[in-house]
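Take a look at the letters that make up each chain.
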Amino acid sequence: MTQFVQNLVDGLGQGSIYALLALGLTLIFGVMHLVNFAHGELITVSSYAAYALASRGTGWGVIAIAVIVASVLTAVAIEFLAFRWVRGASEFTMLLTSFGVHFVVAALFVMYVSPRPRNIPKPEWIFDTVRIGGVAFEVVDLVTIAVTLVTLVATGRVLRRTMFGIALRAAAEDFDAARIMGVRSNLVIRGAFALSGVLAGVAGVFWLMRTGTASPTAGLTPLLFGVIAAIVGGLGSLGGAILGGMALGLVQVFFRSWLPPDLAGLTEGLLFVLIALLFIVRPQGFVTVRRAERA
Amino acid sequence: MLSVDGLTTSYGSITAVRDVSIHVDAGEIVGLIGPNGAGKSTLLNTTVGLLRPTAGRVTVDDRDVTGSSPDAMLRLGVALVPERRRLFADLTVVENLLVAGITAPAAERQRRLEEVVELFPLLGRRRTFPAGYLSGGEAQQLAIGRALMSGARLLLMDEPTLGLAPGLVDLVFELIEDLRSQGRTLLVVEQNARRLLEAADRAYLMRTGSVVAEGTGRDLADRHDLFEVYLGVEG
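Read top to bottom, the protein sequences are chains A and B.
Here this note's numbering is used: position 168 in the first sequence is 168, and no number is missing along the way.
Here this note's numbering is used: position 199 in the second sequence is 199, and no number is missing along the way.
Keep in mind the hints are simulated off the structure, nothing from the lab.
Computed from a predicted model, the values in this text were never measured in an experiment.
Where a beta carbon is used, it is the ideal one built from N, C-alpha and C, also for glycine.
There's no promise every hint is true.
Said to hold, decoys possible - Quick list of the computed label-pair ranges, beta carbon to beta carbon:
no.: 1; chain 1: A; residue 1: V281; chain 2: B; residue 2: R127; range: 35 to 45 Å
no.: 2; chain 1: B; residue 1: A165; chain 2: A; residue 2: T93; range: 13 to 23 Å
no.: 3; chain 1: B; residue 1: G67; chain 2: A; residue 2: L266; range: 52 to 62 Å
no.: 4; chain 1: B; residue 1: G132; chain 2: A; residue 2: A89; range: 23 to 33 Å
no.: 5; chain 1: B; residue 1: S13; chain 2: A; residue 2: R190; range: 30 to 40 Å
no.: 6; chain 1: A; residue 1: E124; chain 2: B; residue 2: R75; range: 50 to 60 Å
no.: 7; chain 1: B; residue 1: G6; chain 2: A; residue 2: V150; range: 52 to 62 Å
Whole structure, please, built from the sequences with the hints as guidance.
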C-alpha cells in the first residue's frame with residue numbers, strides 16, 4: 001500500500017511534466033494543425049540558460065524564472081522565424097519544418113557551445129523526502145504536482161476569462177470562422193506559442209532539476225513523451241493532454257516498480273506496446289476532438 | 001458603400017468567380033441568388049478577405065480594400081455571417097458573442113452584448129450554454145447576433161435560412177427587414193430565391209462564377225425564363 005501511494009505521487013510528478021508539455025503541444029496543434037517536434041527546443045535552450053546562470057552561482061529561484069522566460073522567447077522566436085512561413089501549408093510540410101528547427105537548434109549548440117553535455121547543479125532539496133502518514137514522499141514530486149496544478153488552473157482561467165483565451169479556443173475549433181469574427185491570425189498564433197512556452201518553461205524547470213543536464217538534445221526525451229501524451233489524450237483536446245500526460249507518467253513509474261530489476265530496461269518498450277494497444281481500441285485517443293474544415 | 005469590380009477568385013486551377021462586378025448602396029437589401037456552385041459563397045468570402053482574389057478590386061466607401069484581412073474589413077464595418085453559421089460549438093453563447101466583438105473596445109463590446117441579448121431574449125436565457133447544444137433557430141439567432149457584435153454596418157449573409165424550419169425562415173426574413181430599418185445594409189445569399197427576391201431591393205443572379213442577370217427584386221422574380229433555366233424551379 002505504502003509502495004502504491006509512493007508510486008502514485010511519483011507518477012503524477014513525472015506525469016505533470018508530460019502534461020504541461022502535452023498541453024502546449026495540443027494548443028499549437030489546435031490553432032495551426034502542427035505537431036510541433038521543435039517543442040523540445042524550448043527545454044534545450046532553457047537548459048543552457050539554466051547552465052549559464054548556475055555556473056555563476058545563481059540560485060534555483062532565479063534560474064526557474066530565467067528558464068520560463070527563455071522558453072517563452074524561444075517559442076515566439078521559432079514561430080516568427082520558422083512556422084509563420086509555412087502557415088497554411090500541408091501538415092506534412094509543417095511537421096518537416098519542426099524537425100528542421102530541432103536539428104538546426106541542436107547543431108547551433110554543438111557548433112557554438114559544445115557537443116558534450118554540461119552539468120547543472122541540482123537544488124539541495126531534490127532528494128529530500130517528507131513523511132506524511134507513514135509514507136515517504138519526495139519533495140520534488142510534491143512541488144512539481146503543486147506547481148503544475150497552479151499552472152493548469154491559471155491556464156484554465158486565461159483560456160476561459162480573457163479575450164485572448166476565448167479567441168484561442170475559438171480559433172482552435174474553427175480557425176477560419178474565428179478570422180471571420182475578427183480574430184487576428186498572427187496574434188492568436190503568437191499567443192498560443194507564448195502560452196505553450198510558459199507551460200514548457202514550467203515543465204523545463206522540473207525536468208532540469210531532475211536531470212541536471214544541459215545538452216544539445218536535452219529536450220528530446222521530454223518532447224517525445226509530451227508528443228505521445230498529447231496524442232494519447234486526443235490531439236487538440238486540452239483536458240485530454242493533461243490526462244494523457246498523467247497517465248503516461250503513472251504507467252511509466254508503475255511499470256518500473258513492478259518489473260523485476262533485470263527487466264526494468266523494458267519499461268519504455270512495454271509502455272509503447274500499451275500505447276499501441278490503446279490506439280487499436282481508441283484510435284482517436286482518450287478524448288474525441290471535433291474539427292472544422294479549412295477554406 | 002460596397003463595390004466589387006471585375007473580381008476573379010480561383011482555387012488552384014478552378015476559377016470559382018470570374019470577372020464579377022456588383023455594388024451595394026447604403027441602406028439596401030441586395031440579394032444574390034443562383035444554383036449550387038455558382039460562386040456565391042466564394043464571392044462573399046473573397047469580399048471579406050477570407051480568400052485572396054486573383055484579379056479585381058473591392059472598395060468600401062471608395063477606399064480600395066482588395067486583399068484586406070477579415071479583421072480589417074470588420075473594422076471598416078463589413079461582417080460576414082458565414083454559411084452553415086460556423087458557431088463555436090464548444091464555446092458558450094456569451095463566449096461566441098464576445099469573440100465576435102473582439103475588434104471593439106471592452107466597454108463597447110459589453111454594451112453590444114447586452115444589446116444583442118435584449119434583441120434575442122432566447123439567447124439571454126442560454127448565456128452559459130455551449131453553442132453546440134442550441135436548436136436551429138437559436139443557433140441562427142446567435143449567428144446573426146455575432147454579426148451585430150462586430151458593430152457592422154454592412155452584413156454579408158450566406159444562406160441564413162439553410163436548414164431552418166419554415167416558421168424560422170419567416171423569422172430570419174423579419175430580422176433582415178428589422179436590421180435594415182435600423183440603418184444597416186445587407187447583402188444576402190439565399191437558396192430560397194423567391195423569398196429573397198420579395199425582400200430584396202435589388203438582386204444579382206449568378207451562374208458558374210459569373211453574374212448573368214441583375215435588376216430589382218421584382219424584375220428578377222418576374223423573369224420566369226431565368227428561374228427555369230438557372231434555378232431549376234417552376235416559375
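Okay, the hints, checked on the actual structure:
Our hint of 35 to 45 Å for V281 of chain A and R127 of chain B holds, since their Cβ atoms are close to 38 Å apart. Hint check: A165 of chain B to T93 of chain A, Cβ distance near 44 Å, so the stated range 13 to 23 Å is violated. The hinted window of 52 to 62 Å between G67 of chain B and L266 of chain A holds, with their beta carbons roughly 58 Å apart. Between G132 of chain B and A89 of chain A the C-beta distance comes to about 30 Å, which sits within the given range of 23 to 33 Å.
One distance hint, 30 to 40 Å for the beta-carbon pair S13 of chain B and R190 of chain A, holds here, with the actual separation near 34 Å. Against the hinted window of 50 to 60 Å, the Cβ-Cβ separation of E124 of chain A and R75 of chain B comes to about 56 Å, which satisfies the hint. Distance hint check for G6 of chain B and V150 of chain A: the Cβ-Cβ separation is about 58 Å, which falls inside the suggested range of 52 to 62 Å.
In summary, the structure is inconsistent with hint 2 from the numbered list given earlier, while agreeing with all the others.
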